[in-house]
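*Asks:* Chains as they are written, first to last, in this note's numbering: chain W, -16 to 145; chain H, 25 to 129; chain P, 1179 to 1817.
Since the hints were made in silico from the structure, they are not lab data. Nothing false has been slipped in among the hints.
BS3-like, lysine-lysine: derived pairs with alpha carbons at most 25 Å apart: (1) W:LYS57 with P:LYS1786; (2) P:LYS1784 with W:LYS57; (3) H:LYS53 with W:LYS60; (4) P:LYS1792 with W:LYS(-4); (5) P:LYS1792 with H:LYS53.
Using C-beta positions, here's what the derived DEER-type ranges look like: (6) P:ILE1779 with W:MET125: 50 to 58 Å; (7) P:ALA1781 with W:LEU121: 46 to 54 Å; (8) W:ALA123 with P:ILE1779: 43 to 51 Å; (9) W:LEU45 with H:GLU125: 21 to 29 Å; (10) H:GLU120 with P:ILE1779: 25 to 33 Å; (11) P:ALA1781 with W:ARG61: 22 to 30 Å; (12) W:ALA107 with P:PHE1811: 31 to 39 Å; (13) W:GLY109 with H:VAL80: 19 to 27 Å; (14) H:GLU120 with P:PRO1758: 56 to 64 Å.
Fair warning: this is a prediction, and the values are worked out from it, not measured in the lab. Glycine included, each C-beta is placed from N, C-alpha and C at the ideal position.
Here is how the chains run, residue by residue.
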Amino acid sequence: MIVSAIASVSSRKMLRTVVYLLFVLAGVAGIFFLIDYNFLAAVQLTVYGGGIVVLMIFSVLLVHHIEMKLEVAKLSKRIVTALFCAIGAGVFISTIYTYDFQVTDSTKTTTTAEIGTGLLSYEAGGFILPFEVISVLLLAVMIGAIIIAKGKKLETNKDEIT
Amino acid sequence: MIEGVTIYEILGLSSILFFIGVYGFITRKNLISILISVELILNASVVNFVVINKYVYPDMLQGVYVSIFIIAVAAAETALAVSIIINLYRQINSVEVRDTEIMKH
Amino acid sequence: MNLNYIFLIPLIPLVVFLLLGIFNQKIKPSVSGYIGVFGLLASTVLSFYTAYQYFFISGKINGLYQTFVEKTVWMNFSDTLRIDMGVLIDPIAVMMLVVVSLISLMVHIYSMGYMKGDGGYTKFFAFLSLFTFSMYGLVLATNLFQIYMFWELVGVSSYLLIGYYYTKPSAVAAAKKAFIVTRFADLGFLIGILIIGYYTGTFDFETLNNPEGSAILNWAATSFMGLSAITWALLLVFIGGAGKSAMLPFHIWLPDAMEGPTPVSALIHAATMVVAGIYLVARLFPMFYFVEDGFALNIVAYVGAISSLFAAIIAITQTDIKRVLAFSTMSQLGYMMLALGVSGYEGHEGLGYMASMFHLFTHAMFKALLFLGAGSIIHAVHSNYLKDMGGLRKYMPITNITFLIAAIAIAGIPPFAGFWSKDEILVAAFEHNKLIYYIGVLVAGLTAFYIFRIYFGIFWGKDKDYEHAPKESPLSMTFPLMFLALMSIVVGFIPFSKFISADKSGFEAHLNMPLAAIAVGVGALGIALAWIFYKKENNLAEKFANRFGVFYTWAYHKFYFDELYLFITKKIVFKRIAAPIAWFDKKVVDASMRGVGSKTIQASEKIKGIQSGKVQDYAFSFIIGTVVLAIVFIYLWTI
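In isolation and in its complexed conformation, chain W is listed as follows (with noise of 0.2 Å):
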């Protein structure tokens, strides 16, 4: 997963780069079903890989040749990026290292059907509001990217035809 991302980042060419970023998806997803969760796993794989994955080769092939060589940024840039990278990385691991995590020895298997009343439930510990908030995210983001890519073009037509 590490070996994707690495190449997904540094990929010079475009439709390479979405394509590891579909393998790094697919090892999280993977992770998701050792530990268990399945219908998260479902979600991740639907969502992203099928979802996101396609929305962003679309757009490279709208705004691309694919046989272009991306630019990268300059050498100096990329080790000084790197190096606090991973000044951040050792930070973030040797925090995580010093931590006693109180692992609990369970082997509790999550159904689909927890989650979902979960999800929608009332009581205390329900999710049920951010549900809705989610739902009217996702309806304004529909709306927004309509108007947004839809540009100038309806309204010459609308000139045109009068």
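Given the coordinates of chain W, work out where chains H and P should sit on it, guided by the hints.
*Replies:* Positioned in the frame of chain W, the structure of chains H and P alone reads:
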């Protein structure tokens, strides 16, 4: 619970993924590449949530819910970002970051 | 004595100056002339009234002339060290008021005729008023700083007036020269003032001049290289006075100052400004006399005597009438200085002091007359040079007579004014220092010779053919001539010693017959020689001059002082001293300033990049900041 894999390793993995995403975000010159890096970052955080949920609090499911929401938001944001990029492409005919840095006047 | 109206005396010319200066373009020239004259007339009347009040009515108390002071504190440094502004009335101040007023008034009236038709007529009168104001302020000063301020103001007025014909490069150069030379001398003056202020703790004249005061009694307190510090200060102050009064070696500006209009020469360089140096020494006379047993006073006497002789020798050879008069002025100023130098203090001992002031008074009259007469001649003949003049007695009778009267006066022939004052000087010198006496007698003879040389050369001598016949000057110009001629005859009879004396007590002066006879004899000899050489047209003078050969050439070129100074300043000061300093200033000081500026610009260019507008850079900073904070808080913060 994955056999043989401690929580530390997975969390370490997610951190590395996160920083790879950051590296990509800062380094890349193409708008869509930046978008992809953002996806990486978000995915890393999702893994974080889920893993901690599973390993430390197996009875509760908040991590899962939050992950679903994160995925939804990420999808929405990507869609919007793509539409903006397409619009921008129509204006300046390029998806390089350096062409977006110049002010209109 | 009521002093309140005395403030009006300098104030009126100041107001006139401001009026004429501000409304320069709007006032018609003739009106400005009248404004100037009437303003000065008012001041003159007030001065005479002051003199009358002071000398005859309320000035003398218990046999001593009192010093009346009205002052206000201007700058306060400590309890005793203060700079005040005010007026100080004592015998010489009142005498100077009269002199300045009278001569200035005459010059104003004269200028109405002389400067008629000139483009800057109003400006001229404005400058004349400025000068009169400055001179009044100088004369009435209560302390060293005030006199220094007005000293500089007088220098400025002189600069403005000498350079009046500003389109003539020689006039501009002369004005600069006058200002720079006197400024240079004033440097000494300032240092002297500061030393006096430091060691005696005061600038005030009353306190300084008190013979029982601490300033004089403690003169030996600090010494420097064998002389008291106060002596050094007095010598430095004298340098300032020597500059203004054209003593050797600061005399070079006076002949060149003749580039100014003739009324200016009459006012400033004959009667009033150049006597400022004399006045300064007289003002500080008790200090000069008592400190170090009159060491500084001795120096004053010798400088005066040498300058006097030097100038008289040069005056014999000059061909420009105004230059002859300029050197004559320098010579007579030398007389005044040497008279002060040989003076004592108590009663009759202070004969030199009295004689010096008396000579100042009479000299102002006849020297102003000589200059105004010369102006009248120049106005008629349109040339300054002796070779262009001759036989003018037929054309300009009034000028002839008045010039003759002045010439007789300066030669020291009784009963004209010059005899009385010069005689007293010679008596004082005889009683003190025989060498200076002999120099004085020699100079008297030379004076008579050179003044009659030009008199005969102009009014008698060869009959010249003039293109257009010179005619007598208008009344506005001849009236001052006649008035001053009258003064030259009359003022000799004033019993000066009753009024002016070193210890302010007044004494009786007597005529010393043998010495007087010697002085008159020498004067008559000079006149006779001039008669022989110059009355009729002949070349005796030329043959005589050739006999003296080199000496004559040296005298003619003013002993090459100008060339010497020019050499010193150009080759040494400019090249060796001023140029390296200028280089240092340009290359080092300016460069470091520019360096600071450019470094700032470079730094700001670099820092500018932080606000780039690129989101990626911002994200970069964001991440770095977060990581750094994480490190700090997790690992380094040991609370």
